[in-house]
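Trainee: Okay, here's what each chain looks like letter by letter:
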Amino acid sequence: MNHLSEEQIVLHYYGDADEAAEVERHLAACPECRAEFARVQSTLRQIEPLEVPEPAPGFEEKTWLNLRDRLPEEGGFLKRLLRPSPPKWAFAGVMALLLAAAFLAGRFWPRPGQQIAQQPPSQVNPQRVILVAVGDHLERSQMLLVEIMNADTKGPINLSSEQAEARELLDSNHLYRVSSQQAGDPQVARLLDQLGRVLAEIANGPAEVSPGDLEQVRHTIQSEGLLFKVRVVGSEVNSRARRPEPSGGGVNQRL
Amino acid sequence: MEVTDATVVAQVLAGDRDAFRVLVERHSRSIFRVIYRMTGNQQDTEELVQETFLRAYKSLERFELRANFSTWLYRIAVNRTLDFLGARKTHMQTKDTYQIVDNPDAEDRTQIQLPAQEPGPDRLLLSSEMKTKIAGALGLLTPAERVAFTMRHMEGRSIEEISQTLNLKASAAKNSVFRAVQKLRQQLEPYAGQGSPARSSRWGGSAVK
Chain A
173 MNHLSEEQIV LHYYGDADEA AEVERHLAAC PECRAEFARV QSTLRQIEPL
223 EVPEPAPGFE EKTWLNLRDR LPEEGGFLKR LLRPSPPKWA FAGVMALLLA
273 AAFLAGRFWP RPGQQIAQQP PSQVNPQRVI LVAVGDHLER SQMLLVEIMN
323 ADTKGPINLS SEQAEARELL DSNHLYRVSS QQAGDPQVAR LLDQLGRVLA
373 EIANGPAEVS PGDLEQVRHT IQSEGLLFKV RVVGSEVNSR ARRPEPSGGG
423 VNQRL
Chain B
7 MEVTDATVVA QVLAGDRDAF RVLVERHSRS IFRVIYRMTG NQQDTEELVQ
57 ETFLRAYKSL ERFELRANFS TWLYRIAVNR TLDFLGARKT HMQTKDTYQI
107 VDNPDAEDRT QIQLPAQEPG PDRLLLSSEM KTKIAGALGL LTPAERVAFT
157 MRHMEGRSIE EISQTLNLKA SAAKNSVFRA VQKLRQQLEP YAGQGSPARS
207 SRWGGSAVK
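Taken in sequence, the protein lines are chains A and B.
Sequential numbering of the first sequence, starting at 173, is according to our numbering.
Sequential numbering of the second sequence, starting at 7, is according to our numbering.
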């Protein structure tokens with residue numbers, strides 16, 4: 173008769189074994205496995221839930237006071253502008269969005285000779301600026317995903333630099349997602365939503381990961397075909413950004 | 007009637023930063039307990055509670071995807087603690103007090119091992135020799151094993167919760183719990199008064215069949 177594995181016995185202790193009824197039947201019929209189960213039970217029962225000390229009185233107040241000074245002020249402000257709100261705020265939100273996108277585009281997308289840079293500010297099409305910034309964002313995201321997919325799994329895996337990049341991308345990702353939704357571009361909005369979730373996983377995970385953890389992240393990227401989508405949509409966005417503008421400015425160009 | 011967490015989150019997202027205080031007051035003690043079980047140090051725990059809320063605040067716009075604020079916050083707390091345990095491991099390595107487990111397998115070599123001298127959540131268990139042994143054995147678990155074991159054994163969390171929190175498949179979460187128990191057995195059964203180590207487990211110190 174085949175005995176139960178150690179894993180089956182341990183998991184059965186917690187009620188987590190697969191085919192529990194079968195494990196139960198085997199234990200009833202097999203004294204050796206029953207003895208093994210008793211040993212597991214005896215060991216685990218000695219490890220009692222840890223008694224946790226009560227935090228000092230006023231702990232919540234102290235936590236809040238320490239935390240309050242560290243909360244980014246602009247986060248709430250930006251979010252307020254981006255949320256559905258009365259028309260005057262909607263207008264202010266759009267303006268803030270465009271300004272931020274223009275700043276990011278200028279910072280991250282230095283393209284010598286590009287028409288946008290040569291135009292006087294009054295003639296720059298804001299939609300096109302955002303388009304360029306989104307293209308750059310997708311390109312950077314693509315590079316990050318490629319790094320994750322090709323990270324060396326020998327030895328300790330430290331993703332701290334990838335996490336820093338993911339955090340930075342995550343902040344702008346939200347901005348572009350809202351922007352693309354407002355511009356009526358569901359394809360880009362959907363992709364950025366999907367990308368945001370993966371970036372959040374990377375940004376909020378531990379800096380040092382096991383091969384299993386890394387494999388899990390890779391699996392998420394692969395199963396959603398994210399790298400492929402980022403590549404395709406990024407290429408399309410870049411191509412739209414380079415397309416000559418129709419006369420009249422093309423203000424309503426989709427993102 | 008008490009305002010729900012979701013309503014408070016909406017207030018914060020609408021720009022009322024001080025509304026976040028309600029969430030801190032509601033959840034900081036439970037988050038304290040969760041983190042303490044993994045770190046065993048009150049000061050570290052208090053700092054991690056703050057880090058958890060800070061991370062939650064910065065990520066609040068993504069909360070709308072989650073069903074329950076406390077579950078979402080719990081997940082952030084566990085991940086911040088994993089970061090902390092990993093960083094502490096690096097610090098201990100630098101100080102050359104790092105200790106490798108006796109029988110690391112191929113996977114273990116790439117995982118984080120905690121220093122055996124650092125009893126972690128076990129400081130309250132130091133009143134007897136067996137409790138000291140338990141403290142040492144828990145100190146040999148990787149952070150992921152330690153978290154999975156703490157969640158399953160000490161907090162009674164389900165495998166589903168563990169897999170969601172650690173972003174693992176259910177099978178990997180089960181395996182983390184099992185590997186933790188396996189290591190604990192290797193360390194503790196020789197002292198359990200149930201015979202020699204050779205008799206105490208038919209697998210001895212070997213890996214899973």
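A hint or two may mislead.
To be verified - Which bits of chain B does chain A cover? Going by a derived footprint, with three or more residues having C-beta under 8 Å, they are:
hint: 1; region: 57-67
hint: 2; region: 173-184
To be verified - To give an idea of the interface, some chain A residues facing chain B are shown, with a C-beta separation under 8 Å as derived from the structure:
hint: 3; residue: Asp-188
hint: 4; residue: Ala-192
hint: 5; residue: Gln-213
hint: 6; residue: Arg-217
hint: 7; residue: Ile-219
hint: 8; residue: Pro-221
hint: 9; residue: Pro-227
hint: 10; residue: Gly-230
hint: 11; residue: Asp-241
hint: 12; residue: Leu-243
hint: 13; residue: Pro-244
hint: 14; residue: Asn-322
hint: 15; residue: Gln-353
hint: 16; residue: Glu-373
hint: 17; residue: Gly-377
hint: 18; residue: Pro-378
To be verified - Pairwise CB distance ranges, derived in the manner of DEER restraints:
hint: 19; chain 1: A; residue 1: Arg-403; chain 2: B; residue 2: Ala-12; range: 33 to 39 Å
hint: 20; chain 1: B; residue 1: Asn-74; chain 2: A; residue 2: Arg-415; range: 41 to 47 Å
hint: 21; chain 1: B; residue 1: Ala-12; chain 2: A; residue 2: Asn-174; range: 19 to 25 Å
In short, the hints are calculated from the structure, not lab data.
Here the structure is a predicted model, which is why all the values come from computation and not from measurement.
Glycine is no exception: its CB is placed at the ideal position from the N, C-alpha and C atoms.
Trainee: Give a verdict on every hint.
Mentor: Hint check:
no. : hint                               : in the structure
1   : 57-67                              : holds (count 8)
2   : 173-184                            : holds (count 8)
3   : Asp-188                            : holds, 5 Å
4   : Ala-192                            : violated, 13 Å
5   : Gln-213                            : violated, 11 Å
6   : Arg-217                            : violated, 10 Å
7   : Ile-219                            : holds, 6 Å
8   : Pro-221                            : holds, 4 Å
9   : Pro-227                            : holds, 5 Å
10  : Gly-230                            : violated, 11 Å
11  : Asp-241                            : violated, 11 Å
12  : Leu-243                            : holds, 5 Å
13  : Pro-244                            : holds, 7 Å
14  : Asn-322                            : violated, 17 Å
15  : Gln-353                            : violated, 13 Å
16  : Glu-373                            : holds, 6 Å
17  : Gly-377                            : holds, 6 Å
18  : Pro-378                            : holds, 4 Å
19  : A:Arg-403 <-> B:Ala-12: 33 to 39 Å : holds, 36 Å
20  : B:Asn-74 <-> A:Arg-415: 41 to 47 Å : holds, 46 Å
21  : B:Ala-12 <-> A:Asn-174: 19 to 25 Å : violated, 51 Å
Hints 4, 5, 6, 10, 11, 14, 15 and 21 from the earlier list are contradicted by this structure; the remaining hints agree with it.
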